[in-house]
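Protein chains: 2
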Amino acid sequence: MEGGGGGVKHILLAKFKDSVSEDEVQELIKEYANLVNLIEPMKAFHWGKDVSIENLHNGFTHVFESTFENTDGIGQYIIHPAHLEFSSNLFLPSLEKLIVVDYKPTPLVHL
Amino acid sequence: MEGGGGGVKHILLAKFKDSVSEDEVQELIKEYANLVNLIEPMKAFHWGKDVSIENLHNGFTHVFESTFENTDGIGQYIIHPAHLEFSSNLFLPSLEKLIVVDYKPTPLVHL
Chain G
0 MEGGGGGVKH ILLAKFKDSV SEDEVQELIK EYANLVNLIE PMKAFHWGKD
50 VSIENLHNGF THVFESTFEN TDGIGQYIIH PAHLEFSSNL FLPSLEKLIV
100 VDYKPTPLVH L
Chain Z
0 MEGGGGGVKH ILLAKFKDSV SEDEVQELIK EYANLVNLIE PMKAFHWGKD
50 VSIENLHNGF THVFESTFEN TDGIGQYIIH PAHLEFSSNL FLPSLEKLIV
100 VDYKPTPLVH L
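From first to last, the protein sequence lines are chains G and Z. To convert, note that position 47 of the first sequence is 46 in numbering that gives the first Met the number 0; the numbers rise steadily by one, no gaps. To convert, note that position 105 of the second sequence is 104 in numbering that gives the first Met the number 0; the numbers rise steadily by one, no gaps.
Incorrect hints may appear among the rest.
[What the hints assert, rightly or not] Derived DEER-like restraints, expressed as beta-carbon distance ranges: (1) Val-19/G / Gly-58/Z: 22 to 30 Å; (2) Leu-55/Z / Pro-80/G: 15 to 23 Å; (3) Glu-39/Z / Asp-17/G: 37 to 45 Å; (4) Glu-68/Z / Ala-43/G: 18 to 26 Å; (5) Ile-77/G / Leu-89/Z: 31 to 39 Å; (6) Lys-42/Z / Glu-21/G: 26 to 34 Å; (7) Pro-80/G / Glu-26/Z: 40 to 48 Å; (8) Leu-94/Z / Val-19/G: 28 to 36 Å; (9) Val-19/G / Lys-48/Z: 28 to 36 Å; (10) Ser-86/Z / Leu-37/G: 38 to 46 Å; (11) Asn-36/Z / Leu-89/G: 37 to 45 Å; (12) Gly-58/Z / Val-50/G: 21 to 29 Å; (13) Val-19/G / Glu-26/Z: 40 to 48 Å.
[Stated by the list, open to error] List time: in silico EDC-like cross-link candidates among lysine to aspartate or glutamate, alpha-carbon distance up to 20 Å: (14) Lys-14/G / Glu-30/G; (15) Lys-48/G / Asp-22/G; (16) Lys-96/G / Asp-49/Z; (17) Lys-96/Z / Glu-30/Z; (18) Lys-14/Z / Glu-53/G; (19) Lys-96/G / Glu-53/Z; (20) Lys-48/Z / Glu-30/Z; (21) Lys-48/G / Glu-68/Z; (22) Lys-96/Z / Glu-53/G; (23) Lys-48/G / Glu-64/Z; (24) Lys-14/G / Glu-53/Z; (25) Lys-14/G / Asp-49/G.
[To be verified] Stretches of chain Z that chain G covers, calculated by requiring three or more beta carbons in the stretch to come under 8 Å of a beta carbon on chain G: (26) 35-48; (27) 62-72; (28) 97-107.
If you are wondering where the hints come from, they were derived from the structure by calculation, not from laboratory data. A virtual CB, placed ideally from N, CA and C, is assigned to each residue, including glycine.
In isolation and in its complexed conformation, chain G is listed as follows (with noise of 0.2 Å):
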């Protein structure tokens, strides 16, 4: 049974390389942005800059918020052709560094 329901988050914090400029940044931020239109399983898209006070961002920059409807919607995206081309040949190479986790928001403790 897949628990829950909301969906599941699918969130990767980045940072860009130096050499990467805020025009190329905000490029990349549509393209991203873009797979929401392409990729069905893909239900919405934010992005924000950190903007964190506390000094525990560990360098990271950028936080890109993907939601779906379960675990196997990450799954035909992560295998999807415009996912596979966009991470690929343009995202993953202008980053220095990224983690990916994915979650389903849970309001309470189930215990």
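Start from chain G and add chain Z according to the hints.
Just chain Z, lined up with the frame of chain G:
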């Protein structure tokens, strides 16, 4: 001007120490979730275990997502006694590592 709307997300990635039992983890999550009842600017709390399959999670096993109206609210949260007590006495001592990022989720690129 506080841009956007839709609030600011406070995302914490955690890996608990091996010495922390699953029951202790569940207790910590319950205490974390209870902060939403104690700290007015904290508007929502969700958490989930990492279920990613790409092996890009860098060892992080849990995601904690808190929502605030704006970055000022996060500032108030950080210095709130209930947060400080939970964080310093319970949560941080249980963690092997963590990353914290804050961002304003934006659906489209602002060019």
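Structure-based check of all given hints:
no. : hint                            : in the structure
1   : Val-19/G / Gly-58/Z: 22 to 30 Å : 26 Å, holds
2   : Leu-55/Z / Pro-80/G: 15 to 23 Å : 20 Å, holds
3   : Glu-39/Z / Asp-17/G: 37 to 45 Å : 40 Å, holds
4   : Glu-68/Z / Ala-43/G: 18 to 26 Å : 21 Å, holds
5   : Ile-77/G / Leu-89/Z: 31 to 39 Å : 36 Å, holds
6   : Lys-42/Z / Glu-21/G: 26 to 34 Å : 31 Å, holds
7   : Pro-80/G / Glu-26/Z: 40 to 48 Å : 45 Å, holds
8   : Leu-94/Z / Val-19/G: 28 to 36 Å : 31 Å, holds
9   : Val-19/G / Lys-48/Z: 28 to 36 Å : 32 Å, holds
10  : Ser-86/Z / Leu-37/G: 38 to 46 Å : 41 Å, holds
11  : Asn-36/Z / Leu-89/G: 37 to 45 Å : 44 Å, holds
12  : Gly-58/Z / Val-50/G: 21 to 29 Å : 25 Å, holds
13  : Val-19/G / Glu-26/Z: 40 to 48 Å : 43 Å, holds
14  : Lys-14/G / Glu-30/G             : 17 Å, holds
15  : Lys-48/G / Asp-22/G             : 14 Å, holds
16  : Lys-96/G / Asp-49/Z             : 19 Å, holds
17  : Lys-96/Z / Glu-30/Z             : 19 Å, holds
18  : Lys-14/Z / Glu-53/G             : 18 Å, holds
19  : Lys-96/G / Glu-53/Z             : 15 Å, holds
20  : Lys-48/Z / Glu-30/Z             : 16 Å, holds
21  : Lys-48/G / Glu-68/Z             : 16 Å, holds
22  : Lys-96/Z / Glu-53/G             : 15 Å, holds
23  : Lys-48/G / Glu-64/Z             : 16 Å, holds
24  : Lys-14/G / Glu-53/Z             : 18 Å, holds
25  : Lys-14/G / Asp-49/G             : 10 Å, holds
26  : 35-48                           : holds (count 6)
27  : 62-72                           : holds (count 3)
28  : 97-107                          : holds (count 11)
The structure shown violates none of the earlier numbered hints.
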